[in-house]
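Q: Protein sequence lines correspond, in order, to chains A and B.
For reference, each letter of the first sequence is one residue, going 1 to 306 in the numbering used here.
For reference, each letter of the second sequence is one residue, going 1001 to 1286 in the numbering used here.
Everything labelled a hint here was simulated from the structure, so no lab data went into it.
Everything numeric in this text was worked out from a predicted model, so none of it was measured.
Don't take every hint at face value.
[To be verified] For the chain B half of the interface with chain A, some residues (derived, Cβ under 7 Å), not all of them:
id: 1; residue: S1046
id: 2; residue: L1050
id: 3; residue: S1105
id: 4; residue: L1145
id: 5; residue: S1148
id: 6; residue: Y1149
id: 7; residue: T1150
id: 8; residue: S1189
id: 9; residue: P1190
id: 10; residue: I1222
id: 11; residue: A1260
id: 12; residue: I1262
[Unchecked claim] 20 Å max Cα-Cα, derived EDC-like pairs, lysine to aspartate or glutamate:
id: 13; chain 1: B; residue 1: K1113; chain 2: A; residue 2: D167
id: 14; chain 1: A; residue 1: K18; chain 2: B; residue 2: D1178
id: 15; chain 1: A; residue 1: K14; chain 2: B; residue 2: D1040
id: 16; chain 1: A; residue 1: K144; chain 2: B; residue 2: D1178
id: 17; chain 1: A; residue 1: K9; chain 2: B; residue 2: D1174
id: 18; chain 1: B; residue 1: K1110; chain 2: B; residue 2: E1181
From the three backbone atoms N, C-alpha and C, an ideal C-beta is built for every residue, glycine too.
In case you want the letters, here they are:
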Amino acid sequence: MFLIHVKAKERQNKTLRKHQWVVIEIYFLIPAIITLAGITMYPVAYGVIMSFRDLISGKLIFVGLANYGRLIAGGRFAHSLYITMVFTIVAVIVETILGMLIALLYSDDKIAGIFVLRVLLVLPMIVIPIVVAMVFRHLIYEPKMGVLNYFFDLIRLPMLKSKWSCDIKTALLSLILIDIWERTPFPFLVFLAGIKSLPKEPHEAALIDGASPWQTFFYVTLPLLRHIIMVVIVFRAIGCIKAFDIFYGVTAGGPGVATENVSMYIYYQMFKYNRVGTASASTVITMLITFCFVFFIYKAILGKES
Amino acid sequence: MDSKLARRIKYTIRVILAYVIALLFLAPFLWMLISSFKKDIDITASPPKLFFDPIISNYRNIIQWSGERTGLFRFPVLGCLETSLIVTIIATGIALLVGIIAGYSLSRFKSKKREWIRIWILSAVIAPPVVFMVPYFMIARILGLFDSYTLLIIASTTISLPFTIWMMIGFFNDIPKDLEEAAYIDGCSPLKAFLIISLPLAKPGISAAATLSFINVWNNLIFPLALTADRVKTIPLAVQGFLGWTRIFYGMMIATGVLAIIPGLVITIFASKILVGGLTLGAVKG
Chain A
1 MFLIHVKAKE RQNKTLRKHQ WVVIEIYFLI PAIITLAGIT MYPVAYGVIM
51 SFRDLISGKL IFVGLANYGR LIAGGRFAHS LYITMVFTIV AVIVETILGM
101 LIALLYSDDK IAGIFVLRVL LVLPMIVIPI VVAMVFRHLI YEPKMGVLNY
151 FFDLIRLPML KSKWSCDIKT ALLSLILIDI WERTPFPFLV FLAGIKSLPK
201 EPHEAALIDG ASPWQTFFYV TLPLLRHIIM VVIVFRAIGC IKAFDIFYGV
251 TAGGPGVATE NVSMYIYYQM FKYNRVGTAS ASTVITMLIT FCFVFFIYKA
301 ILGKES
Chain B
1001 MDSKLARRIK YTIRVILAYV IALLFLAPFL WMLISSFKKD IDITASPPKL
1051 FFDPIISNYR NIIQWSGERT GLFRFPVLGC LETSLIVTII ATGIALLVGI
1101 IAGYSLSRFK SKKREWIRIW ILSAVIAPPV VFMVPYFMIA RILGLFDSYT
1151 LLIIASTTIS LPFTIWMMIG FFNDIPKDLE EAAYIDGCSP LKAFLIISLP
1201 LAKPGISAAA TLSFINVWNN LIFPLALTAD RVKTIPLAVQ GFLGWTRIFY
1251 GMMIATGVLA IIPGLVITIF ASKILVGGLT LGAVKG
């Protein structure tokens, strides 16, 4: 009698557990799915619909693929894609290499005050991007009252003086420099953590075999950090593709269209020229590119771990 | 002896290099801090002034703003700070409420269908905010939500929620399943195991997700810029607002920027270790 009771209870427990697993599997996910559908799917779907329409004399009229045609024929969108690409590639390469070098230098605990330096180096990352833009534009790059040109005068290198963000030749470069200043702390932090968590044995073995520090770095440290480096590159690339604040704050896409990246392009089409259709169409294309990019990195890198 | 000397020189060079790099990275930041104590006339001086009479009226002007709109600049900074806090806290809160359990579910159950959900979430993490800006603007016009807290909070959730879910998946993956299984053997139900074992263990992950989505929403410029006008102003817009049509209020602009750093600064100092894992969405075990 007692045994039957226990068995019944066990069975009851089992069904309860099964029920709870279903709760975790399905019901835990439902709020997120609903919210995400509302805040991402709905706007994107709306954007897709709007990309086939255009604002003609105050009304949104169906125009078929005309918006896309105009995008492709115009060349300004392609140019903005090109600017985004140049900005991303240059910034990511410089930031990754620079971050690695600084992390190597700073990984030495013996340097006096290194712990303070490590924290200080993170500071650029936490300043609000639009503030960074304002400071660089008005206090540093400004040709007359800016610090940068004054600094080059001080160290007797006037040939390096330039109009920075106001010059069509150096505008993109000055934006890249801001991004390097602001975001190199990120690769630095991650690489520092990576270097610190490396096993000691391979390095000791290399030391015993008589490898020089550079050989140790290239043949031992780098291969061990390969995965982390990939992750950093991907995340910096994402950040650079998303960049809007410093473009908007420092050059606003100018001079001309010299620094107009995709975000600036869409913003301008929407709020400066009031071309709802073109803005939507470029949004859709950007979304598609993003999705392909995500699919690629998910399959190539991030999916493997889990 | 020689090698000792060489090592000494090498060490000195490294120390000097380390400090020079730190100085280079700090210089713009320090210049901003110094400038916030200058009069506008000292800020715009050419060549730049390193020695000047420090003033605090920039900060005082910002804080003492009484709220009337006829004064020097267009909107009260403290009000913007409040708006920023409200929007950021609610957007982060929603993301945590919904995101933690979704992250747990996605971390414990895997299938082909769920793979697509993950790709969807990752796309939302990676998509530039402008992609959402255009449709949100048009939807807001139709629904009459333009320039309202609701709209800004919903839009900000597109930044915080996908990010939080993605981070929580990573952090729950890191928690060994053995612990939960041990709990099941002891007669613990799955929900209880989640509540008393996984959730407390994920605390560092949760705080990293919370702080990072806080900073991301706090720093965001594009949604307030596109989706609000006068009533709902956040801090990045306040900074932008000191660029008047006829003159630029350099001092107050920079002082606002310095004030706005404080939340991020506090978080970074207290949580810099946690943040390394968080910054890479849990992809690197710091």
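Q: Check each numbered hint against the structure and report the violated ones by number, ascending.
A: 2, 4, 5, 6, 7, 12, 13, 15, 16 and 17
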